[in-house]
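Could you put together the complete structure from these sequences and hints?
Protein sequences, first through last, are from chains U and S.
Going by my numbering, the first sequence opens with residue 131, and the numbers climb by one from there.
Going by my numbering, the second sequence opens with residue 5, and the numbers climb by one from there.
Hints listed in this document are in silico derivations from the structure and should not be mistaken for laboratory results.
All values derive from a computational prediction rather than experimental measurement.
Just so it is clear, CB atoms sit at the ideal spot from N, CA and C, and this is done for glycine as well.
It is possible that part of the hints are untrue.
[Stated by the list, open to error] Label pairs and their computed distance ranges (CB to CB):
#1 S:Ser22 x U:Leu362: 28 to 36 Å
#2 U:Ile340 x S:Ala137: 44 to 52 Å
#3 U:Asp211 x S:Ile181: 51 to 59 Å
[To be verified] Sample of chain U residues facing chain S (criterion: CB under 10 Å; computed from the structure):
#4 Val191
#5 Glu336
#6 Gly344
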Amino acid sequence: MNQSAALHDHLPAELESKPYKQNRWKKNFWGFMFLIPALIIFIMFMWVPIFKGFLYSFYTVDFVKGNTFVGMDNYARALTDPDVLIAVKNTLYYMLLCMVIGFWVPIAFAIAISELRKFGGFVRVAAYLPYVMPAVVLYGLWRWLYDPVGPINAVIGSTGAEQIAFLTDTRWSMISLVFMETWQQFGSGMLIYLAAVLSIPRDWYEAAEIDGAGVWARIRHITLPSLRNLILLMLILQVIATSQGYQSQMALLDGGPNNATLTYALLIVKYAFTRLDYGTATALGMLMFVVLGGLGIVQFKLNKEDN
Amino acid sequence: MKSADRGILSEHDLKKTSNRVVYGIMVFFILLMIFSMLYPILMTMFNGLKSNVEVNSFPPHFFPQEWHFANLKDALDYIDLPMFLRNTLYIFAGNMVATLVVLGLAAFSISRMNVPYRKVFYFFFLMTLFIPATSYMIPNFVNLKELGLLNQYAAFWLPAGANTFFFLLLKNFFDGIHPEILEAARIDGASEPRSFFTIAVPLSIPIFATLAIFIFSTAWNDWFWPSLVMHSEDKYTLATAIYKYVINVKALNTNIKFAILFLVSLPPILVFLIFQKFIMRGVSLSAVKG
Numbered sequence: 131m132n133q134s135a136a137l138h139d140h141l142p143a144e145l146e147s148k149p150y151k152q153n154r155w156k157k158n159f160w161g162f163m164f165l166i167p168a169l170i171i172f173i174m175f176m177w178v179p180i181f182k183g184f185l186y187s188f189y190t191v192d193f194v195k196g197n198t199f200v201g202m203d204n205y206a207r208a209l210t211d212p213d214v215l216i217a218v219k220n221t222l223y224y225m226l227l228c229m230v231i232g233f234w235v236p237i238a239f240a241i242a243i244s245e246l247r248k249f250g251g252f253v254r255v256a257a258y259l260p261y262v263m264p265a266v267v268l269y270g271l272w273r274w275l276y277d278p279v280g281p282i283n284a285v286i287g288s289t290g291a292e293q294i295a296f297l298t299d300t301r302w303s304m305i306s307l308v309f310m311e312t313w314q315q316f317g318s319g320m321l322i323y324l325a326a327v328l329s330i331p332r333d334w335y336e337a338a339e340i341d342g343a344g345v346w347a348r349i350r351h352i353t354l355p356s357l358r359n360l361i362l363l364m365l366i367l368q369v370i371a372t373s374q375g376y377q378s379q380m381a382l383l384d385g386g387p388n389n390a391t392l393t394y395a396l397l398i399v400k401y402a403f404t405r406l407d408y409g410t411a412t413a414l415g416m417l418m419f420v421v422l423g424g425l426g427i428v429q430f431k432l433n434k435e436d437n
Numbered sequence: 005m006k007s008a009d010r011g012i013l014s015e016h017d018l019k020k021t022s023n024r025v026v027y028g029i030m031v032f033f034i035l036l037m038i039f040s041m042l043y044p045i046l047m048t049m050f051n052g053l054k055s056n057v058e059v060n061s062f063p064p065h066f067f068p069q070e071w072h073f074a075n076l077k078d079a080l081d082y083i084d085l086p087m088f089l090r091n092t093l094y095i096f097a098g099n100m101v102a103t104l105v106v107l108g109l110a111a112f113s114i115s116r117m118n119v120p121y122r123k124v125f126y127f128f129f130l131m132t133l134f135i136p137a138t139s140y141m142i143p144n145f146v147n148l149k150e151l152g153l154l155n156q157y158a159a160f161w162l163p164a165g166a167n168t169f170f171f172l173l174l175k176n177f178f179d180g181i182h183p184e185i186l187e188a189a190r191i192d193g194a195s196e197p198r199s200f201f202t203i204a205v206p207l208s209i210p211i212f213a214t215l216a217i218f219i220f221s222t223a224w225n226d227w228f229w230p231s232l233v234m235h236s237e238d239k240y241t242l243a244t245a246i247y248k249y250v251i252n253v254k255a256l257n258t259n260i261k262f263a264i265l266f267l268v269s270l271p272p273i274l275v276f277l278i279f280q281k282f283i284m285r286g287v288s289l290s291a292v293k294g
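What follows is the structure, given as structure tokens:
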């Protein structure tokens with residue numbers, strides 16, 4: 131309140147008469163009042179569940195008879211369940227596929243689309259459109275596209291090749307899911323990269339060209355290094371997101387065929403809502419937290435650098 | 005200088021044959037991408053207007069041979085879309101209010117009111133970002149059950165006020181408001197709630213519009229969480245109802261299925277096409293959310 135002396139002339143009479151300390155308290159009173167709803171809501175719906183997650187991982191949760199303390203039993207069950215090993219492997223496989231099939235696609239298209247002289251707006255809209263469609267529509271649609279008598283197999287059939295059971299063949303099911311998700315989501319990543327590609331000063335390319343750098347050299351030494359931080363950030367975001375993926379695996383295949391798409395997060399869901407073993411499900415969640423917790427901090431650090 | 009209207013390639017580059025070939029291949033892949041984006045979406049629409057025999061014929065046709073607009077009526081007879089739509093809009097509206105009031109006030113307080121210990125409060129909100137959502141999904145459900153909130157809209161509305169990502173967006177936006185405006189209001193004797201609702205909120209229409217789009221798409225898309233929290237049919241959201249009664253039902257004719265899917269994807273597509281400039285600008289913000 132350094133200016134208060136200067137402003138003194140303009141202050142209404144009622145404020146003038148109050149002592150400084152009371153004014154200050156009044157100001158902070160509303161500041162705290164504004165924070166209180168959010169504090170209560172965050173405690174009730176964020177911190178309490180997080181704390182309960184830690185607590186209940188040592189309990190058998192029973193809504194009727196009450197919870198019983200069982201020590202490390204839930205963890206022991208989680209670590210000896212052969213399904214957990216399968217789920218971890220599937221999750222790693224899923225993350226790898228998302229990287230190999232999906233990660234580079236938005237970068238490549240962002241660079242390509244930035245080079246279009248015309249129709250750039252239309253292309254952006256078209257690429258983003260699937261992202262707007264509700265996930266449930268996607269599931270219905272792609273189940274039909276992947277069908278043995280669907281359009282993709284019609285194309286494969288017309289070339290004379292053997293048809294592929296995209297969803298029911300254990301070798302294909304996860305790949306099919308990743309392909310579907312890439313189709314839906316790359317538009318959003320592409321727009322983020324595109325903004326970054328377009329913000330690179332054009333003069334740099336001009337200068338490089340004058341120095342004799344070819345097109346590939348310009349992409350390799352100017353475009354990609356400029357995107358470096360963003361690529362790293364998107365990579366971590368993707369790792370965080372894919373390590374927790376379960377929705378399309380659940381909706382399309384329920385973890386099958388033969389557990390081929392049973393991811394770790396899906397196993398948590400199944401422990402809770404199929405086996406009704408909430409204790410073990412929370413224990414699995416805690417194990418996930420221990421493994422993933424560090425990644426969030428890395429993401430935050432990168433985000434700060436980026437800004 | 006000419007440098008403004010060049011990209012990685014310059015006019016000069018495009019005179020070389022090898023570059024032209026590469027450019028041609030690039031355009032080809034973009035066209036292929038556009039085709040693969042639009043074909044399935046248009047197929048959803050056309051399949052919903054075909055006869056059931058035609059939908060199941062192999063190989064599939066693109067345009068319907070006969071147009072069956074009656075499918076849309078059958079779709080509405082099969083599933084009570086208006087009711088599920090109403091439920092979805094309830095959740096959207098309540099979440100919007102909770103975000104505006106709970107997070108708006110808190111972000112305003114931290115950003116513009118100079119409260120003591122605000123770093124501590126800020127950190128208290130921010131910390132939750134580092135905890136992967138799936139790891140406390142089950143305790144979250146158990147918590148709602150223990151609070152007696154299951155099967156109630158409050159189970160969506162109240163937790164909507166605990167969104168760290170939206171909190172950060174709001175705080176960053178408020179940080180950009182000139183403090184002089186608020187200081188002037190204070191000097192003129194406006195109370196803090198009044199300066200929030202009559203000055204900060206109107207100035208923040210852009211960020212609230214962006215949040216409205218995020219909240220709308222969550223309410224419209226999320227099928228899994230509502231299917232856990234709501235267990236009576238008359239409270240399902242659109243996405244949950246579609247998942248339960250359309251996607252996994254074998255007895256339903258494929259053409260009617262597609263007619264329903266088309267009806268459900270139409271509103272978000274229209275919203276997107278109308279507000280596209282605005283939405284695409286908001287996308288870069290979602291990079292923080294992941």
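Right, here's what the structure says about each hint:
Between serine 22 of chain S and leucine 362 of chain U the beta carbons are some 32 Å apart, a value that agrees with the proposed interval 28 to 36 Å. For isoleucine 340 of chain U paired with alanine 137 of chain S, a C-beta distance near 50 Å keeps the hint of 44 to 52 Å intact. Aspartate 211 of chain U and isoleucine 181 of chain S have their C-beta atoms about 53 Å apart, which keeps the hinted 51 to 59 Å range intact. Look at valine 191 of chain U: its Cβ gets to within about 6 Å of chain S, closer than 10 Å, so that hint holds up.
For glutamate 336 of chain U, the interface hint holds, the least distance from its beta-carbon to any beta-carbon of chain S being 5 Å, beneath 10 Å. Proximity of glycine 344 of chain U to chain S holds as hinted, the smallest CB-CB distance being about 9 Å (cut-off 10 Å).
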